[in-house]
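All chains, full assembly: derive it from the sequences and hints.
4 protein chains.
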Amino acid sequence: MGNSFGTLFRISTWGESHGGGIGVVIDGCPPRLPITVEEIQFELDRRRPGQSDITTPRKESDTATIVSGVFEGQSLGTPIGIYVPNGDHRPSAYTEMKDKFRPSHADFTYQAKFGIRNHEGGGRSSARETIGRVAAGAVAKKILKLAGDIDVRAYITRVHDIEMPASSVFPTLEQVEASPVRCPHPATAEKMIERIKAVRKDGDSVGGIIECRVRNLPVGLGVPVFDRLEADLAKAMLSIPATKGFEIGSGFSGSVQLGSEHNDIFINKDGKIGTETNRSGGVQGGISNGEELIFRIAFKPTATLIQNQRTVDTDGNETELMGRGRHDPCVVPRAVPIVESMAALVLVDHWMRHQAHCQSFDFGGK
Amino acid sequence: MGNSFGTLFRISTWGESHGGGIGVVIDGCPPRLPITVEEIQFELDRRRPGQSDITTPRKESDTATIVSGVFEGQSLGTPIGIYVPNGDHRPSAYTEMKDKFRPSHADFTYQAKFGIRNHEGGGRSSARETIGRVAAGAVAKKILKLAGDIDVRAYITRVHDIEMPASSVFPTLEQVEASPVRCPHPATAEKMIERIKAVRKDGDSVGGIIECRVRNLPVGLGVPVFDRLEADLAKAMLSIPATKGFEIGSGFSGSVQLGSEHNDIFINKDGKIGTETNRSGGVQGGISNGEELIFRIAFKPTATLIQNQRTVDTDGNETELMGRGRHDPCVVPRAVPIVESMAALVLVDHWMRHQAHCQSFDFGGK
Amino acid sequence: MGNSFGTLFRISTWGESHGGGIGVVIDGCPPRLPITVEEIQFELDRRRPGQSDITTPRKESDTATIVSGVFEGQSLGTPIGIYVPNGDHRPSAYTEMKDKFRPSHADFTYQAKFGIRNHEGGGRSSARETIGRVAAGAVAKKILKLAGDIDVRAYITRVHDIEMPASSVFPTLEQVEASPVRCPHPATAEKMIERIKAVRKDGDSVGGIIECRVRNLPVGLGVPVFDRLEADLAKAMLSIPATKGFEIGSGFSGSVQLGSEHNDIFINKDGKIGTETNRSGGVQGGISNGEELIFRIAFKPTATLIQNQRTVDTDGNETELMGRGRHDPCVVPRAVPIVESMAALVLVDHWMRHQAHCQSFDFGGK
Amino acid sequence: MGNSFGTLFRISTWGESHGGGIGVVIDGCPPRLPITVEEIQFELDRRRPGQSDITTPRKESDTATIVSGVFEGQSLGTPIGIYVPNGDHRPSAYTEMKDKFRPSHADFTYQAKFGIRNHEGGGRSSARETIGRVAAGAVAKKILKLAGDIDVRAYITRVHDIEMPASSVFPTLEQVEASPVRCPHPATAEKMIERIKAVRKDGDSVGGIIECRVRNLPVGLGVPVFDRLEADLAKAMLSIPATKGFEIGSGFSGSVQLGSEHNDIFINKDGKIGTETNRSGGVQGGISNGEELIFRIAFKPTATLIQNQRTVDTDGNETELMGRGRHDPCVVPRAVPIVESMAALVLVDHWMRHQAHCQSFDFGGK
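Protein chains in written order, with this note's numbering: chain A, 1 to 366; chain B, 1 to 366; chain C, 1 to 366; chain D, 1 to 366.
You may find that some hints are simply not true.
Unchecked claim - Derived DSBU-like pairs: lysine-lysine, alpha-carbon spacing no greater than 35 angstroms straight-line:
1) K201(B) - K191(B)
2) K269(B) - K201(A)
3) K201(D) - K269(C)
4) K98(B) - K269(A)
5) K98(A) - K272(B)
6) K98(D) - K269(C)
7) K201(B) - K98(B)
8) K272(D) - K98(C)
9) K201(C) - K269(D)
10) K98(C) - K145(B)
11) K59(B) - K197(B)
12) K272(B) - K145(B)
13) K59(C) - K98(C)
14) K272(D) - K145(D)
15) K272(C) - K98(D)
16) K98(A) - K145(D)
17) K269(B) - K98(A)
18) K272(A) - K98(B)
19) K59(C) - K145(C)
20) K145(A) - K98(D)
21) K59(C) - K197(C)
22) K59(A) - K145(A)
23) K201(C) - K98(C)
24) K201(D) - K191(D)
25) K98(C) - K269(D)
26) K59(B) - K145(B)
27) K98(B) - K145(C)
To be verified - Per the computed footprint, the stretches of chain D lying under chain C, defined by three or more beta-carbons under 8 angstroms from a beta-carbon of chain C, are:
28) 5 to 18
29) 108 to 119
30) 219 to 225
31) 304 to 316
32) 350 to 361
Claimed, not checked - A short, non-exhaustive set of chain D residues, derived as facing chain B with CB atoms under 10 angstroms:
33) C29
34) P30
35) P31
36) R32
37) P34
38) Q74
39) G77
40) T78
Read the hints as simulated data drawn from the structure, not as lab findings.
Computed from a predicted structure; not experimentally measured.
Cβ coordinates follow ideal geometry from the N, Cα and C atoms, glycine included.
Listed below in structure tokens is the structure:
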């Protein structure tokens, strides 16, 4: 409970930042999916630390092994187990954390909830936890691609107060990956990198916004009233560490429009029903309408600072904590594959749910 | 699947806008809760149409009956069934809907997903569906109140572009209910009402923002990594019709702060560990930290307009549709009890989950 | 939790024997299923008391209303709500039950678990609870019939120690319904009826065994390792009041055979792979193999006796209780439609799960 | 879906007989449970092949590693990952299986369901799959022992037609483990061993019956109407490979008793309400009543024979298959720890559910 996600395509993740390793079990993967460990590793490499000079210099190879569920290059339909051993274990970097709570981290709430925590690192609240999500997301993205040429593309639109110009173009993976900051607008990407470097020099941190688009999605995904597509996406995104907000389509800015400005007019697009505009963000009444799915997620600045901060110790005494270690001044670029993964997990799950609910039976001529 | 919400305190809603009625089953309600039909009716009356001159003049009495699970004023621990018959059935108002899809409504996606829809009204996508949520929410709010004097309070902070001044005060229910627009700042409430009336005159509509706060919540609610408290709240809120966004604590604006500005410093508050500021919004690492829970939801303008709009018919031919009927120019005020209900459902569920996970056993002296 | 059954075709039942009524919500019913209230009422009439002179003379009309989810004779894909009001309320018949626990009933355990119970009758532990199951089962049986001409047939093979001769014939519904005892072997049925009447004269009761067969089931239903078809059937059957055992295929007697006697040899049956014998009962490795599904359920004798019995009162003092009222000396005949319903619910659910898991995607040529 | 079990104390297992390994993730384990890898290994050693001269001579060390969720000897409340690598890989022993379906095995149904199978061994249908269950069961049994001195004890009462005398004594673990056949009645155990050896000489196999008892269980576990304690136990037991039946208390034999013989009279046992007899098997109305829980499971004879058997190949052609390899002539002794594990998983889960449902809140003085 709490470490599984999805209904039919269901993942269960496990593992702390320090300890044996991190892993995921995918239960419900359709059989006969061609999948290789290289495809999984490709996505893990996008997520791991030490990719570029704007992320943490921590070296983590994050090498995945498929330990079950795949046979001769194809999924068996049985649970796919993926295992990534931990390495680079330096508990000494965390000595002070045993007795002091880091501000805006999960140390205090984990201790209060469970009465125990692995104080050698972030434990389960560490971003390492997301390895399992990205590994499973690689499988989900492969399914979407094969099943319907569906692309899930996330990228950064803002770092701190540096925002890329609005664009209706669906960026290519190459455009996103062209810069380590994963903003497909090169000039803005440059400025974002400068800002991250400047902030790092001060031992400070910044957050930002990720936008995610999905194209070629069929009509009909999403299950009202509670499992609306946007509701499940919102949960998926807010389950990612450091997120503070989610919006779909017009989002918060939609609330300052008149209905006559906001409504998406239905038109006939080459024989298919579509909408002239896409303020709905690809979802109406909780169900995909065939337009591009588009949503955004807000990330707070990294809580770890290389600065002195006031805090309390585990007995509640006020004290100070000097941040050290090798952390990211901005986690948002590395969150891009996580966002894509969570989106893909939601979409595969809803595809399967739709199939089960609406396509299992043919009562046609009877 | 899709019409149930919650894990341990689990509701299942049913019913369309036109047909027999609307109802909810609450499974997992703790036994011996004192609860009356009047307490449920009180919340339904806050939700129903026709409350004031800024909502739809449609008359719906929405009278609830408890059909199971309560005996001599107390819950039995068995499923609580609540039933609200439909009335005021005027299918003729919807004749055109049989053949034309209303823009930014769910007519098209329901038809595409299910291959059938109740074209006599919004069916399951109608706001009437939320009756079941509000009835169950009344029970959940009662539990929170009795269990820990926990208050869940939602109110409007913005209608269209009219926004109330920022305030850190937890408003009383009386302050919220003082105006039909449910904004606790009287001067702003006046302006909001004027705006709604003006927009209605044009057959147009507006959206807005609801803020929700919860006080006296214990530390420890929320289950990482997927069932974080904010993730489940985000899903709950985005499952409400007409919502486009969710943010907690600093939200989207938090992404333009530096880490050194954003971190919440831990302090000792009269012997208890707390935070000096609350940009986290009451949740850290997905778990409540004992501070006030605070989040906001964006609502789009009502899709129904009393205007002529372009659209397509069910065969995909482009046509026009003249809106008529008795709809709300702004649904946000009536959404206030829905937001509170969904929040309360999440919190009771997580309270029970926390109890089960962390308080079931005492391994203490062994 | 506890009052819902199924994963994709999911029912939630509510209602006590005394109070407003009994109902069920079916969530996940495929859209466009032709279904009428008469089809549901037909099955409810098979379940209700007062059908014949060997069941309780209690008159309960058990009239169902479909309150949502069906439009113009077809399912909408939204939750189907079915409501059966209670009637014939005679709480005076239960006065003593307020203070004394009936032996082998659920009075004591409900009181101990919940700290409260509706002492005006069996409450939620009453057989009236099964009304919701049978109503939902009628829908499930209709789906199976239309989808694959699948028949689910239950019947009594034993009452007390009177057992019908072994038969490999799949009985018709008419053969089952020919006798009020629902044993398709007329001579045995006669003896069973005599035994039930004799036992009733003594104020005593008897149990028996129901066998259930399903024909035309496709290969592939069931999800190892935990949701094997027989595991879900076992749960379904043991969830029926008064059941004490479940066996599939060779069952308990299979454990006294040698492997060489027990194995089902694969043969080619007109081009399809089948088995020569069916000791497996239609399931191998938890998955249906295309042979007839066959299983049996043991029912204990009715706990209610029209005799004086020793017991304790709610304070634990030893006392006596004189049974009265209008109860069934043998509930097994009325349990036949309940068994069929639970079996049908499991099968529809697994059909949908199989479709989702193994038929959602075509990775074929890629 | 299908490879997870439990609601609040939830396990997900993964792994095939041939491939990387076998594992389990336990999600929802209460924090601060003292647990060591040795306690887990102890139970795995009871399950593994090669323990004695009546089981398969296959050597599998089945060495477990805890890869997450435990810190300094205590559970963290986060997912506990346990990993057991595969070894002794001899795919050549299975060459023929690639093209022929073994009778009464899962080869055919897996191939038919998934369109693919790992033909190098039993894959997911192999008994190796139960390693994950037993590892998780060791944790569950530890919880029950610490929480309430609850003992879960399974043992063999019958092998083929050799049955131990009825006994009301709760056997000790030492008595069960005294003989490799795990029957606590020494004289019968001897005969069972002789029978197994005789059958093995013929290349044949036998099944049997396991009885399981639980003592010190509190009143109140089980959730009507669907998640009755016996229903969840039945599912748990029928999910174990090679099982064909389940009965609780009087079981199938209860159906030949009169109600007046079968009812369990309530009495006062030193100030606590109990029953004079225990035909209910410790459960009434689906809820534990404080008496000893007692149930039995039927196992079919092992499907693998060292004999020539008729079968079909994957194209449906009739052919023959000569069994070889190192299989168990009777799997029932090794199933004893599996039965205990599944029972313990159900009981911990229901303990937590009961706590959540009935003990989360105190509405007492309000």
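Verification of the hints:
Proposed proximity of K201(B) and K191(B) is supported: the alpha carbons are some 15 angstroms apart, at most 35 angstroms. For the suggested pair K269(B) and K201(A), the alpha carbons sit about 34 angstroms apart, so the restraint of at most 35 angstroms is met. Under the criterion of a C-alpha separation no larger than 35 angstroms, the hint pairing K201(D) with K269(C) is consistent with the structure, at around 34 angstroms. In summary, the hint linking K98(B) to K269(A) is supported, as the alpha carbons are separated by about 21 angstroms, within the 35 angstroms threshold.
In summary, the hint linking K98(A) to K272(B) is supported, as the alpha carbons are separated by about 19 angstroms, within the 35 angstroms threshold. For the proposed pair K98(D) and K269(C), the alpha carbon gap of about 21 angstroms is at most 35 angstroms, so the pair holds. Restraint check for K201(B) and K98(B): satisfied, since their Cα atoms lie roughly 27 angstroms apart, inside the 35 angstroms limit. Using a Cα cut-off of 35 angstroms, the hinted pair K272(D) and K98(C) holds, with the two alpha carbons roughly 19 angstroms apart.
Of the pairs offered as hints, the one joining K201(C) and K269(D) holds, with about 34 angstroms between alpha carbons and a cut-off of 35 angstroms not exceeded. Between the alpha carbons of K98(C) and K145(B) the distance comes to roughly 31 angstroms, so the proposed pair stays at or under 35 angstroms and holds. At roughly 19 angstroms between alpha-carbon atoms, K59(B) and K197(B) fall within 35 angstroms of each other, so this suggested pair holds. A C-alpha spacing of about 22 angstroms is found between K272(B) and K145(B), which places the hinted pair at or below 35 angstroms, so the restraint holds.
Between K59(C) and K98(C) the alpha-carbon distance is near 23 angstroms, which keeps this suggested pair within the 35 angstroms criterion. A distance of roughly 22 angstroms separates the Cα atoms of K272(D) and K145(D); the hinted pair therefore holds under the 35 angstroms criterion. Of the supplied pair hints, the one linking K272(C) and K98(D) holds, its CA atoms being roughly 19 angstroms apart against a limit of 35 angstroms. Restraint check for K98(A) and K145(D): the C-alpha separation of about 31 angstroms stays at or below 35 angstroms, so the hint holds.
Straight-line distance between C-alpha atoms of K269(B) and K98(A) comes to about 21 angstroms, which keeps the hinted pair within the 35 angstroms bound. At most 35 angstroms may separate the alpha-carbon atoms for a hinted pair to count; K272(A) and K98(B) meet this at roughly 19 angstroms. A C-alpha spacing of about 31 angstroms is found between K59(C) and K145(C), which places the hinted pair at or below 35 angstroms, so the restraint holds. Between K145(A) and K98(D), the direct Cα distance comes to roughly 31 angstroms. Compliance with the 35 angstroms bound is thereby established for this hinted pair.
Annotation: proposed proximity of K59(C) to K197(C) holds, straight-line Cα distance about 19 angstroms (limit 35 angstroms). Distance restraint check for K59(A) and K145(A): the Cα-Cα separation of roughly 31 angstroms lies within the 35 angstroms cut-off, and the hinted pair is therefore satisfied. At most 35 angstroms may separate the alpha-carbon atoms for a hinted pair to count; K201(C) and K98(C) meet this at roughly 27 angstroms. A threshold of 35 angstroms between alpha carbons decides the hint, and for K201(D) with K191(D) the separation of about 15 angstroms falls inside it, so the pair holds.
For the proposed pair K98(C) and K269(D), the alpha carbon gap of about 21 angstroms is at most 35 angstroms, so the pair holds. For the hint linking K59(B) to K145(B), the alpha-carbon distance of about 31 angstroms falls within 35 angstroms, and the restraint holds. Restraint check: the Cα-Cα separation between K98(B) and K145(C) comes to about 31 angstroms, which is no more than 35 angstroms; the hinted pair holds. Remark: the stretch 5 to 18 of chain D is confirmed as covered by chain C, as 3 of its residues place a Cβ nearer than 8 angstroms to a Cβ of that chain, reaching the required three.
Counting residues of the stretch 108 to 119 of chain D whose CB falls under 8 angstroms from any CB of chain C gives 7; the rule of at least 3 is met. Only residues whose C-beta sits within less than 8 angstroms of a C-beta in chain C count toward coverage, and the stretch 219 to 225 of chain D has 6 of them, enough to reach three; the restraint holds. Counting residues of the stretch 304 to 316 of chain D whose beta carbon lies closer than 8 angstroms to any beta carbon of chain C gives 8, which reaches the threshold of three, so the coverage claim holds. For the stretch 350 to 361 of chain D, the stated coverage by chain C holds: 4 residues have a C-beta nearer than 8 angstroms to a C-beta of that chain, and at least 3 were required.
At about 9 angstroms, the closest approach between the beta carbon of C29(D) and any beta carbon in chain B falls short of 10 angstroms, and the interface hint on this residue holds. With 10 angstroms as the threshold, the beta carbon of P30(D) comes within range of chain B, its nearest partner Cβ sitting at about 5 angstroms, so the hint holds. Nearest Cβ of chain B to the Cβ of P31(D): about 6 angstroms, under the 10 angstroms cut. The hint holds. Taken as an interface hint, R32(D) checks out: its beta carbon lies about 6 angstroms from the nearest beta carbon of chain B, inside 10 angstroms.
Below 10 angstroms, beta-carbon pairs count as interface contacts, and P34(D) has one with chain B at about 7 angstroms; its hint therefore holds. Here the hint on Q74(D) is kept, as its CB sits about 8 angstroms from the closest CB of chain B, short of 10 angstroms. For G77(D), the shortest C-beta to C-beta distance to chain B is roughly 7 angstroms, which falls under 10 angstroms, so the interface hint holds. Interface restraint check: T78(D) against chain B, minimum CB-CB distance 8 angstroms, threshold 10 angstroms, status holds.
Of the hints listed earlier, there is not a single one the structure fails to meet.
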